[in-house]
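Protein chains in written order, with my numbering: chain Z, 1 to 358; chain P, 1001 to 1358; chain A, 2001 to 2358; chain W, 3001 to 3358.
Please keep in mind that the hints were generated in silico from the structure rather than gathered at the bench. Hints may be right or wrong, so weigh each one.
Claimed, not checked - Just a few of them, taken from the derived set where beta-carbon distance is under 10 angstroms, the chain A residues facing chain P: (1) 2002; (2) 2003; (3) 2024; (4) 2029; (5) 2066; (6) 2167.
Unchecked claim - Covered stretches of chain A (chain W as the covering partner; in silico rule of three or more C-beta atoms under 8 angstroms from a C-beta of chain W): (7) 2199-2207; (8) 2216-2229; (9) 2244-2254; (10) 2284-2294; (11) 2299-2305; (12) 2337-2346.
Stated by the list, open to error - Listed next, with one range per pair, are the computed distances between beta-carbon atoms: (13) W/3316 with P/1100: 24 to 32 angstroms; (14) Z/40 with P/1038: 39 to 47 angstroms; (15) Z/73 with A/2273: 27 to 35 angstroms; (16) W/3073 with Z/166: 45 to 53 angstroms; (17) P/1054 with A/2073: 29 to 37 angstroms; (18) A/2312 with W/3163: 36 to 44 angstroms; (19) Z/37 with P/1212: 23 to 31 angstroms; (20) A/2319 with P/1212: 49 to 57 angstroms; (21) Z/73 with A/2064: 55 to 63 angstroms; (22) W/3161 with P/1066: 52 to 60 angstroms; (23) Z/268 with P/1100: 19 to 27 angstroms; (24) W/3189 with A/2309: 42 to 50 angstroms.
By construction, the Cβ of each residue, glycine as well, lies at the ideal position given by its N, Cα and C atoms.
Protein chains: 4
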Amino acid sequence: MSFNSFGRVLRFTTWGESHGPALGAVVDGCPPRLSLSEGDIQPFLDKRRPGQSRHTTQRQEPDRVRILSGTFEGKTTGTPISLMIENVDQRSKDYGEIAQAYRPGHADYAYDAKYGIRDYRGGGRSSARETAARVAAGGVARLIIPEVQIHAWVAEIGGDAIDPANFDLEEIDRNPFFCPDPAAAQRWEGLMDAARKAGSSLGAVIECAASGVPAGWGAPIYAKLDSDLAAAMMGINAVKGVEIGAGFHAARLRGEENADPMRPASDGSNRPDFLSNNAGGIAGGISTGQPVVVRVAFKPTSSILTPVPTINAAGEAADIVTKGRHDPCVGIRGAPVVEAMMALVLADHKLLHRAQNG
Amino acid sequence: MSFNSFGRVLRFTTWGESHGPALGAVVDGCPPRLSLSEGDIQPFLDKRRPGQSRHTTQRQEPDRVRILSGTFEGKTTGTPISLMIENVDQRSKDYGEIAQAYRPGHADYAYDAKYGIRDYRGGGRSSARETAARVAAGGVARLIIPEVQIHAWVAEIGGDAIDPANFDLEEIDRNPFFCPDPAAAQRWEGLMDAARKAGSSLGAVIECAASGVPAGWGAPIYAKLDSDLAAAMMGINAVKGVEIGAGFHAARLRGEENADPMRPASDGSNRPDFLSNNAGGIAGGISTGQPVVVRVAFKPTSSILTPVPTINAAGEAADIVTKGRHDPCVGIRGAPVVEAMMALVLADHKLLHRAQNG
Amino acid sequence: MSFNSFGRVLRFTTWGESHGPALGAVVDGCPPRLSLSEGDIQPFLDKRRPGQSRHTTQRQEPDRVRILSGTFEGKTTGTPISLMIENVDQRSKDYGEIAQAYRPGHADYAYDAKYGIRDYRGGGRSSARETAARVAAGGVARLIIPEVQIHAWVAEIGGDAIDPANFDLEEIDRNPFFCPDPAAAQRWEGLMDAARKAGSSLGAVIECAASGVPAGWGAPIYAKLDSDLAAAMMGINAVKGVEIGAGFHAARLRGEENADPMRPASDGSNRPDFLSNNAGGIAGGISTGQPVVVRVAFKPTSSILTPVPTINAAGEAADIVTKGRHDPCVGIRGAPVVEAMMALVLADHKLLHRAQNG
Amino acid sequence: MSFNSFGRVLRFTTWGESHGPALGAVVDGCPPRLSLSEGDIQPFLDKRRPGQSRHTTQRQEPDRVRILSGTFEGKTTGTPISLMIENVDQRSKDYGEIAQAYRPGHADYAYDAKYGIRDYRGGGRSSARETAARVAAGGVARLIIPEVQIHAWVAEIGGDAIDPANFDLEEIDRNPFFCPDPAAAQRWEGLMDAARKAGSSLGAVIECAASGVPAGWGAPIYAKLDSDLAAAMMGINAVKGVEIGAGFHAARLRGEENADPMRPASDGSNRPDFLSNNAGGIAGGISTGQPVVVRVAFKPTSSILTPVPTINAAGEAADIVTKGRHDPCVGIRGAPVVEAMMALVLADHKLLHRAQNG
């Protein structure tokens, strides 16, 4: 059984394979009367788009989104919004090798074990190309939460982390790594070039912060905001870890270090000022009004030129080398995907919260 | 809006507050004709039960589970299984302080911000006492997956980790910490005593492994096995981080280090032997046949004797000290809860997989 | 697989069998800060309670509801509301006959075919006793929609219909049939007595109208208000037909007869006056502001003293007579159940509508 | 809030408006390894296609379906199947009148009341054109239940019913009315011509029977097979009533008349022979092995040439005449839609049943 929908009242469904004619998303539950055109979505797809530097796959996909339903005279109508992106650069190549043998680190073996059939062309449905549909859906979600500002950045590549002292949000768009630390960005150029030349690949850690989220979003006990974010992030291709706020570091703090003390609001409101944010803006599964902060670990790209032992569908030993066009560090292009999922979860919870307290 | 159900075809709903008359779970979707009595569930509740050593809260709750529906002559009938646990030791005490001020690190402020009303007695619904209902439901789930063995243990307390060289599964039940390393268990006695005496608290990391899971469970793209596990674990009280397999460490490996190479099965089956398990038994959101491995970070208990700055409901500054009976390290009793959630997710996916391939 | 939950954002789950220790409902998604006590629910259970006249089953059940969670100091907290009703009068009798053979018209054979196991005591989970849990849940739902007035009545018993000219809402509570036509109520006394004496049973038609529903509730395309009502009503034990507004009669009208013409509101509002209500208050799956009107057909009670040919579990021919305590016309006590389901569907859609437009 | 998905484990989502560029369905949860091509779906769309006789709308839509995802080398892969149908004949016309005033009997006013915006072109999302997507999805569902034969027919137009004595399944495809009674078909020609000439419209009753359904499908208490069918049918445009088996007629039978007696199977199996089928093949919400029988009432088309009093968006009185291309009896083309929904519900329940008993 597959489940290709995500969300509770803002609910999107994606479809499409890496090498099919197109892929898309149906976004259901969007409120009516919001201004929406392709121009609201395209910039986010452009950020995720491959082939923009030598550090990402050279597959050339314009990733033009079309809105096929759900708007009238430039506004949403409350009906489902169908978004479609055509696949253009499905390079006609010989898939013989990956058709025959399972690529370690990829879903090849698992898909075969589950479904008894496998679209091996570019990984089929398991390809990270599917995340383009999430990014498009995320563009719609952002319109629902104009009060929220979402930023994701690469905090670490191959174990080399940014220096918080150098953090500058504006740097993110000035280098090919969504890196907020210009010194780290420069180091990463070298790291990435070396990995690529070695036929190897690197992992990455993405951080994402959403500010402007009011206190009160999140639906305990089983649709907690952090729980939904964890599902959203862990479901992104190549992700192996998720942290909220201080994350695993919190497990090493003492109670008095980890508590986020509160003080009366300096602006005179009845909302507290928090003196720290180890909680990552979420307590008891509900937003506290502080920035919602998530960290996401991406494993290194599994498609590498180094031969790896594997088996083929007949169960025989084989070695495999994954040629073709691949991101040497899939985590980088993960940043816009993390942002999109953050937007989708928050928009869903905004609407959910309205249901009960509206 | 609250969501108090979890699961897709095996679906449980919990109810109850820390200081209400009772709490419970309704487990829906359990297959018929399984032998089930209270004796199948009680041992798991006993593992989680408080007051068994000086290292956990001294609240005395027998946590006796009653089955109120769903069985006939000792067997499940396919109808909903209602499980109830009465609250016994709701100590009659003065809640004045926590009724007036928000405890930092707790959900007090967030619940008030969301609901505009708060059952402050012991944290109400946000209390970790709710996890007793999950553990009871988990007891039912285990009957659905007899082929799977699930073990959770504490791998780290206050930053002090077990030594993998000392790992012995049988040790887990021989100390009050679910610790598989006897040397670490001894060190932790001292750590815990010191923290308790200092009026402080400690965090912990739990590891959980499920062996015997066949390849093929998991429902991409949005009900991936790892995604559902991440939601399940992050939704446990005090959890701030979740890793699958190598987790964040994978982000620091190179592609060739992280790949889990495969070789023909030594047992002659058509299932591969994997030469490592960085993937934690899941690829593309689907189980691979290797053990499913999860790591979960618990923050230190927020209820501490050290005064912490906060505000009261009127928005005025206050300092708060949380007296009463608390676990100095909530992560310890988190181990049976992690096991239960692992069982619930796996049982759900076993049934889901049957729907499509049965 | 069983599904024992109903609703989308106001979602309730029921559990319990006819002859188990208790039955109940967990109501999830109720908004916070509503006044709620057992006294808000009990009157609806009392209306449905058996043994109040010679025309219903003589089983004596006090049907006392207990609220086990979800309220604090008399108000809802936004957390799940657990309602429990103990079974008292499970008469210790010999179930030999129905344990051995399938009662035609009942779910005995179907449950055995589905589950391979059957709690034959009073029909187990398939007993209409489960509807007590729905009625209790409906009591909570009504608090969410104070603007709506819901009334159900018996419009027809054994083919003998009320005369619309005699319709008087106040009569409903003055006779044992929820009959708004005193003349019909008198005739039905005789009909019912005759059927009971003959060891036979009668069917009934229930009508239910909800006034005060504003225009705009309902969630096309697949959670239309009428679609959800149809599911809710058809799911009640013994129901075989559901109509909205003019129902099947509409299929015999011409377009110009069936249209509900509109005129500017006589009260000066921008809401139209409708000149008829063939639509039953719903167009395109959305409420129009007119009363929402449903008609529901109940088959005659299947438990009768007349012998009916059947088979036993071994597949051999048998004749069966269903002795014991039964309603000669289950439709009568269906009226409070229809009201409850109407309340539950409307409350759910009120909250849903808020999510999008709040 | 809108909900545009239907089903539990076989789940489809539709999108698209009457006058948008296209409409479609995403079918999720289809088992892998089934042969599927456009040729499996197109015949059902062709049955529903308008413009095939003078008795349906003259809008010319080829309704060519394209499969955009979910298959590989002619077989399903277990991933979502995206189906798209382009709109071709969106006649460029003046919508001035219906843009200004609400058409009685249509969803115009209700959509405006709900969403505050309305795509008035051909009814937008509320148009019965959306049912083409359901019919396409139904084509996929049929592949999942090859053991089931589904037939729907028109049993009544404008109150003129077929004669059961004349019933011949093969006649259904020999006349433009899906009519199994040739004599009735002939009468209906005249009825329809007269109604069309009078600028009026007629209602219809559709019957649908599914044979080959094994005993045991259906998921009590809230996903009963009859309950899901009632939702599915009531959700079709223009439907106002649904009956299972004897339906409302059952409410007029006595218990001994309505019971479906059972006898040992004449074929020696352990499945009973039923001596009647008043239950319509469903007891307790579970299939019994008899044919599943549904009756569905369609109101007369609301688009008529007869002027009807209404109001405009400003709340002023107006009269409206709906010109353009319309079906004089929408119920006729409802037959393939009823069949599709029957297939979708049954396929969903087959997979659900597997989850628990597979």
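Original post:
Do residue 3073 of chain W and residue 166 of chain Z keep their Cβ atoms within the hinted range of 45 to 53 angstroms?
Top reply: 52 angstroms, holds
Original post:
Taking the closest Cβ pair, is residue 2003 of chain A under 10 angstroms from chain P?
Top reply: With a minimum Cβ separation of about 7 angstroms from chain P (threshold 10 angstroms), the hint on residue 2003 of chain A holds.
**OP:** Return the status of the interface hint for residue 2066 of chain A: holds when the least beta-carbon distance to chain P is below 10 angstroms, violated otherwise.
**Re:** Holds. Min distance 8 angstroms.
Original post:
So the hint says 24 to 32 angstroms: do the beta-carbon atoms of residue 3316 of chain W and residue 1100 of chain P match that?
Top reply: 58 angstroms, violated
**OP:** Using the beta carbons of residue 73 of chain Z and residue 2064 of chain A, state whether their distance is inside 55 to 63 angstroms or not.
**Re:** Taking Cβ atoms as reference, residue 73 of chain Z and residue 2064 of chain A lie about 57 angstroms apart, which means the hint holds.
Subject >> C-beta pair residue 37 of chain Z, residue 1212 of chain P: status relative to the range 23 to 31 angstroms that was hinted >> reply: Because 52 angstroms falls outside the window, the suggested range is violated.
**OP:** Using the Cβ atoms, figure out if residue 73 of chain Z sits within 27 to 35 angstroms of residue 2273 of chain A.
**Re:** 30 angstroms, holds
Original post:
Should the hint that residue 40 of chain Z and residue 1038 of chain P are 39 to 47 angstroms apart at their CB atoms be regarded as holding?
Top reply: 56 angstroms, violated
**OP:** Have a go at the residue 2024 of chain A hint: is there a Cβ in chain P nearer than 10 angstroms to its own Cβ?
**Re:** Status holds, d = 7 angstroms.
Original post:
At a Cβ distance under 8 angstroms, does chain W reach at least three residues of the segment 2337-2346 of chain A?
Top reply: violated (count 0)
Subject >> Coverage of the segment 2216-2229 of chain A by chain W (three or more Cβ within 8 angstroms) >> reply: holds (count 13)
Original post:
Taking the CB of residue 2319 of chain A and the CB of residue 1212 of chain P, does the distance hold inside 49 to 57 angstroms?
Top reply: The hint (49 to 57 angstroms, Cβ to Cβ) holds, given that residue 2319 of chain A and residue 1212 of chain P are roughly 50 angstroms apart.
Checked against the numbered hints given earlier, the structure breaks hints 6, 12, 13, 14 and 19 and satisfies all the rest.
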